[in-house]
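Build out the structure end to end from the sequences listed, making use of the hints.
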Amino acid sequence: MTGTHRIYLDHSATTPVDDRVASVMLQTLTKNFGNASSVHGYGQQARAAVDRARREVAALIGARQNEIVFVSGGTEGNNLAIRGLCEAIQQHGRHIITSTIEHPSVRGVCDSFEKHGWEITRLPVYDNGIVRVEDLRAALRSDTVLVTVMLANNEIGTIQPIREIAAVIREHREANRNVWLHTDAVQAAGRIELNVDELGCDLLSLSAHKLYAPKGVGALYVRRGVRLIGQNVGGHQERERRAGTENVPGIVAFGEAAKIAREELRVRTSYVKRLRDRFETAVTRRIDDVVLNGDPEHRLPHLSNFSFRYIEGEGLLINLDLKGIAVSTGSACSSGTLEPSPVIRALGRNEELARGSIRFSFGKDNTEEEVDYVVEVLTEAVARLRELSPLNKTLVTSDLR
Amino acid sequence: MVYSNIFKDHLTNPRNVGELSDATIVVEESNPVCGDRLRLSLVIENGRIETARFLAYGCPPTLVSGSMLTEMLIDKTLQNAAAITKADLIEAIGGLPVRKHHAAALAIEVLTSALKGINEGRPS
Numbered sequence: 033m034t035g036t037h038r039i040y041l042d043h044s045a046t047t048p049v050d051d052r053v054a055s056v057m058l059q060t061l062t063k064n065f066g067n068a069s070s071v072h073g074y075g076q077q078a079r080a081a082v083d084r085a086r087r088e089v090a091a092l093i094g095a096r097q098n099e100i101v102f103v104s105g106g107t108e109g110n111n112l113a114i115r116g117l118c119e120a121i122q123q124h125g126r127h128i129i130t131s132t133i134e135h136p137s138v139r140g141v142c143d144s145f146e147k148h149g150w151e152i153t154r155l156p157v158y159d160n161g162i163v164r165v166e167d168l169r170a171a172l173r174s175d176t177v178l179v180t181v182m183l184a185n186n187e188i189g190t191i192q193p194i195r196e197i198a199a200v201i202r203e204h205r206e207a208n209r210n211v212w213l214h215t216d217a218v219q220a221a222g223r224i225e226l227n228v229d230e231l232g233c234d235l236l237s238l239s240a241h242k243l244y245a246p247k248g249v250g251a252l253y254v255r256r257g258v259r260l261i262g263q264n265v266g267g268h269q270e271r272e273r274r275a276g277t278e279n280v281p282g283i284v285a286f287g288e289a290a291k292i293a294r295e296e297l298r299v300r301t302s303y304v305k306r307l308r309d310r311f312e313t314a315v316t317r318r319i320d321d322v323v324l325n326g327d328p329e330h331r332l333p334h335l336s337n338f339s340f341r342y343i344e345g346e347g348l349l350i351n352l353d354l355k356g357i358a359v360s361t362g363s364a365c366s367s368g369t370l371e372p373s374p375v376i377r378a379l380g381r382n383e384e385l386a387r388g389s390i391r392f393s394f395g396k397d398n399t400e401e402e403v404d405y406v407v408e409v410l411t412e413a414v415a416r417l418r419e420l421s422p423l424n425k426t427l428v429t430s431d432l433r
Numbered sequence: 768m769v770y771s772n773i774f775k776d777h778l779t780n781p782r783n784v785g786e787l788s789d790a791t792i793v794v795e796e797s798n799p800v801c802g803d804r805l806r807l808s809l810v811i812e813n814g815r816i817e818t819a820r821f822l823a824y825g826c827p828p829t830l831v832s833g834s835m836l837t838e839m840l841i842d843k844t845l846q847n848a849a850a851i852t853k854a855d856l857i858e859a860i861g862g863l864p865v866r867k868h869h870a871a872a873l874a875i876e877v878l879t880s881a882l883k884g885i886n887e888g889r890p891s
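Residue numbers (the numbering used here), protein chains in the order written: chain A, 33 to 433; chain B, 768 to 891.
If you're looking for bench data, these hints aren't it; they were derived computationally from the structure. Computed from a predicted structure; not experimentally measured. All C-beta atoms in this analysis are idealised placements derived from N, C-alpha and C, irrespective of residue type, glycine included.
Sample of chain A residues facing chain B (criterion: CB under 7 Å; computed from the structure): (1) 419; (2) 422; (3) 423.
Here is the structure:
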């Protein structure tokens with residue numbers, strides 16, 4: 033491994049566009065560039081391409097194609113799901129149940145509703161980073177209209193019990209039929225098998241750039257019969273649920289990436305899991321005082337989140353970056369906030385462990401050789417930063433000589 | 768802003784790391800807001816800083832500020848050391864983003880505290 037070789041271990045942040053996806057996308061940028069709403073041949077061609085993509089995205093999650101609304105990404109999907117549903121059914125109640133480890137886009141919408149008089153219950157996660165169904169059962173009320181819990185967490189990868197949550201909601205519907213389930217599946221799509229009927233959710237958000245497609249496109253699954261008020265108005269696109277000229281190149285790329293993800297899911301999943309396990313075995317063998325964040329079993333196969341005691345995450349991140357290795361940290365300095373990762377804090381970890389957390393997320397193009405190199409660099413960087421740290425050394429003041 | 772080459776050099780090869788068994792004074796300060804910590808150990812001989820060592824916990828600018836500060840202090844008289852400002856330290860590092868200036872401020876705070884301790888004849 034040379035100094036110029038760069039290793040990308042931040043696939044939970046974004047992924048490179050697959051060459052096969054880029055080549056299909058290029059066609060819609062330069063040749064099939066029509067507006068899907070136009071009546072002429074160019075428009076019809078674009079419409080057909082969008083329809084094909086819709087079928088592929090629907091197939092990835094076991095949905096029907098008319099249940100897919102294309103949006104600009106995960107954040108818009110989460111906003112549309114929560115705002116669109118709650119506006120449509122607020123006459124039945126103004127109570128939302130969510131979790132303490134949601135993506136900022138879900139957290140942000142819930143906070144905003146709270147400011148407008150809605151009541152929000154935030155289910156805790158325990159030291160394994162997973163919500164408990166009994167907590168949901170206790171939190172459901174006659175005026176609860178929405179439960180929004182992510183399928184897999186973006187920092188620690190823990191997979192939430194959505195199927196069990198859906199079962200509790202179904203029971204609750206016998207008394208109150210106006211409660212719906214949304215799940216943010218942005219991190220899960222393309223990494224684990226997804227089927228909306230098996231999950232039992234009513235709304236599900238997806239983002240294309242987490243599965244080797246470009247940024248700026250995503251989708252919201254809306255189960256047939258669920259009322260949703262569009263938040264972008266002024267056009268008939270996406271059955272009036274999301275007005276605005278369709279991002280045809282992005283949608284087509286998303287469709288192609290969804291098709292490839294479905295076809296290659298098993299191979300990809302077992303490959304990244306093998307890399308991740310190799311990495312974790314080596315890290316825990318070579319480095320002392322590391323804490324794995326999240327449940328070791330119920331989590332995404334490609335992701336590993338460790339807290340390295342006595343050191344701060346950003347220092348480690350930049351040391352790795354200077355060696356060409358890209359990772360993420362839950363350190364406050366890095367996010368530009370004063371509080372370190374609320375997700376790691378929600379696990380009951382102290383501030384030092386939250387600040388020292390690093391997320392390594394593997395992708396289909398990483399290699400075992402890269403993993404081994406990262407372990408070498410990481411071991412050395414952690415040792416160097418610990419040598420510098422006053423946290424593991426008692427302060428002994430000397431008498432003035 | 769992109770960090771300077773001096774910054775990267777100090778981050779990957781920090782200077783004067785550790786503590787001094789024969790320190791004249793050892794002082795540790797922390798930033799109550801972000802939790803960064805910096806420990807400075809000095810050996811003073813005849814009003815001059817003979818040796819300096821540091822330990823730091825925090826974001827990279829805190830680590831680099833500690834490292835650079837020790838380089839700036841060694842061989843300085845106590846009077847000249849007291850004249851070092853936050854701006855001097857930031858300039859020596861090759862610049863810092865404004866939101867990271869608190870790191871240089873912490874380094875100056877620990878220096879001021881050490882010099883005050885020496886003047887008052889106490890270890891910390």
